[in-house]
Amino acid sequence: MRKVLLGATGLLGFLVVWHLIPATGLVDPQYLPYPTDVAARLLQEFRDLAFWRRLRLTMTAWALGLALATLAAVVLGTAVGLVPFLRRATHTTVEFLRPVPSVALIPLAVLMFGLQLRAALVIVVYAAFWQVFVQVIYGVADVDTVARDTARSFGLTRRERLRYLVLPTALPYLMTGVRLAAAVALILAVTAEMVIGNPGLGRSIELSRSAGDAVGLYGLVVVTGLLGLLVNLVFRLVERRSLAWHQSVRSEELP
Amino acid sequence: MTARRPALRIAANLLFALGLPAVAVVLWGVWSARSDNRFLAGPLAVLDAFRRTWIGPAFVDDVLPSLLRLALGIAGSIVLGVAAGIAIGSLRRLRETLGPLLEFFRAIPPPVLIPVAMLLLGITGTMKVVVIMSGAIWPILLNTIDGVRATDSVMLETADSYRIPRWERLRFVVLPAAAPRIMTGVRQALSVALILMVISEMFASSSGLGYRIAYFQRNYLIAEMWSGILLLGLIGILLAVLFGLVERRVLRWYQGMKEITRA
Amino acid sequence: MPDGSPLLRVEHLRKVYASATGDVEAVADLSFTMDHGELVCIVGPSGCGKTTLLKCLAGLLRPTSGVVEMDGSPVTGPSPAMAVVFQEYGRSLYPWLTVRGNVELPLRHQKLSRAVRDRTVSDALEAVGLPHAARSHPWQLSGGMQQRVAIARAIAYRPEVLIMDEPFAAVDAQTRADLEDLVRELHLTRGISTVFVTHDIDESVYLGRRVLVLSHAPTRVREDLVIDLPPERDQLTTRALPRFTELRTRVYEQIQRAKRGPAEAGPAISVG
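Chains as they are written, first to last, in the UniProt record's numbering: chain A, 1 to 255; chain W, 1 to 263; chain H, 1 to 272.
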């Protein structure tokens, strides 16, 4: 209760400060509009079908990108995690490719696919892939050696070992990876729209800016923040549930 | 693995380390030579473009300013993030007041702040540094808060019972205890910072690495564009290596301790 | 060495924890005194508020009512005259500091010259038998050695009272015997006044010059027993003495009764 109250106070305080900055003339309202104006614009947007269409486009790029990245990362990550030879052979390549910032690929993606969803997907998938891939490798490698030996001594088949040994161990790691990837994918879905110009919320942000529509711009920033908040909340919930039935206790943070 | 000759082992390690990259480069070369895809440049062409484009005055004009802004942005977010994180982490009321706000700000995709920063600060170098900081600070801030909060109660009680003064308590107890989490945050911040450096330059600039790459793309200078991507990759790797070195120094005790408890 | 004014005086100490489900009275009404140079062991059934008592003594907790007095002045917070050795050595030593750094940390804010500080640290490490480990990190040492480091840190602080909270509960039996002898030796050679909290009856009788038996929570002093064993003790012969067996039986009975019955306020009884 106290926590909710304090949190609400913080939020209110922030809004008051936001209001006072243009009101006292510290910053021209043309550059920092009043929060009330932004809220009014948001309500107006929410009634506009075009807004929802743009939102859907952004979330489509996000969902497709996240799904593709997760699929690829699970398949490759499991293979690399299970086979020591592959792990050794791919180590340097992974360490080389992982830090490459995905936005560096934007020009290439634009050249190959034009101002299309597919160009945006390249960026989203590349960024999200590494988050999941790394976690899957950790997860698969984390299988308890005693459990592995036990399974072998009881003659479990490869398929059974995957199903009953590897999957339960790796699942919480996978969920952590997917949660991180979901946040990253949203960032890049919006970024791609801003830079590449495929339709969606990101492009609207860029258009508002070039049109000098500060109220619309701030409104869209708030929308992306709310989207990010929603994505975080949902995936944290999913992750916690996947951890709840899992026995192992491990630190929440990725190594 | 111990009984074998060391020379043999080094050779095997080298083969494992360089095997796949070498195969990949050869395949790339063969593919680009045979393919008629005009957006694909061969490794030799890219290497040549790299030498022509980036070694020389362009390095001073475009690369160095970008790197400087990157460094400033990262340093600024570490200083601010850790300082604010310690304050918020140790003061419960402050933490509860700011909690929902921080959750919200962290959730905003950092690149959307670029237009906002352009509006407020104009198209300047300061704007770009502010953009980098406004994205990179969150992982550091939130991890520091968590790290400070998770400081072991017995460690704090020990500090109390020996009447260790505030400053020393911060310097020798709270900060090192939170260091593993802080470093996790810094690692995440590095990749965010690099992304924002590139995007802010693609967006609002007439110089810098990001601007150059976008320019090459718009003018169909394919090999040059690839060389830019390569350079960004190299910067990413350089950052990761530097971070690894710093981390190993700062967290030597932590890694040593983990190794012992695992054994 | 009773010379009139006691070193530590606890009078009608009471501690109540407020919680959402109702108040919990951890310590009911506790009084005792301790003279300079004494080694007092406090035993009681597990969960009897020993740790609460100790934290009140050390100034880490504020009592609900009653007083803790040190050399005639009330204890309101951690005092430079006290040093605490915690049970969880792994959590009380700082893993990022070396052994030397850990011992030195509490001395940094004392106005000592560098040379004096260095000498104090070396001397403390010498006293616990760890001069060679100064540059190691705590986690590189065994549990017993880590607890030695914690003791070195406490004596380097040069407190008037050393307060030890079940310090050897987490180490194996052999190490424990060695550490007990270390505490005896420090007490005898350096005359450090010590409050030693334990749940181990044998340990309390072997170490102490006096044993306070606590009741079940809410805690009172059930018995204040003088241990009239010779000051020179060793693990084999002392523990084989008939008097040792008598005393330990006596403490044992008290604790059994404390576990069973509700706390009856017992006056301090001395068995001679």
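The set of hints was computed from the structure by calculation and includes no laboratory data. One thing to keep in mind: the hints can contain errors.
Restraint ranges, calculated between C-beta atoms of paired labels, are given here [what the hints assert, rightly or not]: (1) S122/H / S90/W: 42 to 48 angstroms; (2) R93/W / V116/H: 20 to 26 angstroms; (3) L170/W / E253/H: 34 to 40 angstroms.
Here are some of the chain H residues that sit facing chain W, going by a computed Cβ distance under 10 angstroms [said to hold, decoys possible]: (4) L7; (5) P80; (6) M82; (7) A83; (8) Y94; (9) P131; (10) H132; (11) R135; (12) H137; (13) Q140; (14) R176; (15) A177; (16) V226; (17) Y252.
Bear in mind that the values here come from a model prediction, so they are computed numbers and not experimental data. Glycine residues also receive a C-beta, built at the ideal position from the N, C-alpha and C atoms.
Just to be careful: measuring from the Cβ of R176/H to every Cβ in chain W, is the smallest value less than 10 angstroms?
violated, 20 angstroms
Closer than 10 angstroms between Cβ atoms is the bar; does P80/H clear it against chain W? Give me holds or violated.
holds, 6 angstroms
Identify whether the interface hint at H137/H stands, where standing means a beta carbon of chain W within less than 10 angstroms of its own.
holds, 6 angstroms
Distance restraint hint 34 to 40 angstroms, applied to the beta-carbon atoms of L170/W and E253/H:
Roughly 50 angstroms apart at Cβ, these two residues miss the hinted range, so it is violated.
Using Cβ atoms only, decide whether P131/H comes closer than 10 angstroms to chain W, and label the hint accordingly.
Since the shortest Cβ distance to chain W is 21 angstroms, the answer is violated.
Hint check, H132/H versus chain W [nearest Cβ-Cβ separation less than 10 angstroms]:
Result: violated, 19 angstroms to nearest chain W Cβ.
Interface hint status, Y252/H versus chain W (Cβ within 10 angstroms)
violated, 30 angstroms
Pairwise beta carbon distance, S122/H to S90/W, judged against the given window 42 to 48 angstroms
violated, 34 angstroms
Report holds or violated for the interface hint on R135/H, using the least CB-CB distance to chain W and a cut-off of 10 angstroms.
violated, 13 angstroms
Could you see if the CB distance from R93/W to V116/H stays within 20 to 26 angstroms?
violated, 42 angstroms
Evaluation of the interface hint that places Q140/H against chain W, nearest CB under 10 angstroms:
holds, 7 angstroms
Hint check: is the beta carbon of L7/H less than 10 angstroms from a beta carbon of chain W?
L7/H check fails; min Cβ-Cβ to chain W is 18 angstroms, beyond 10 angstroms.
Violated hints for the displayed structure, listed by number in ascending order: 1, 2, 3, 4, 9, 10, 11, 14, 15, 16, 17.
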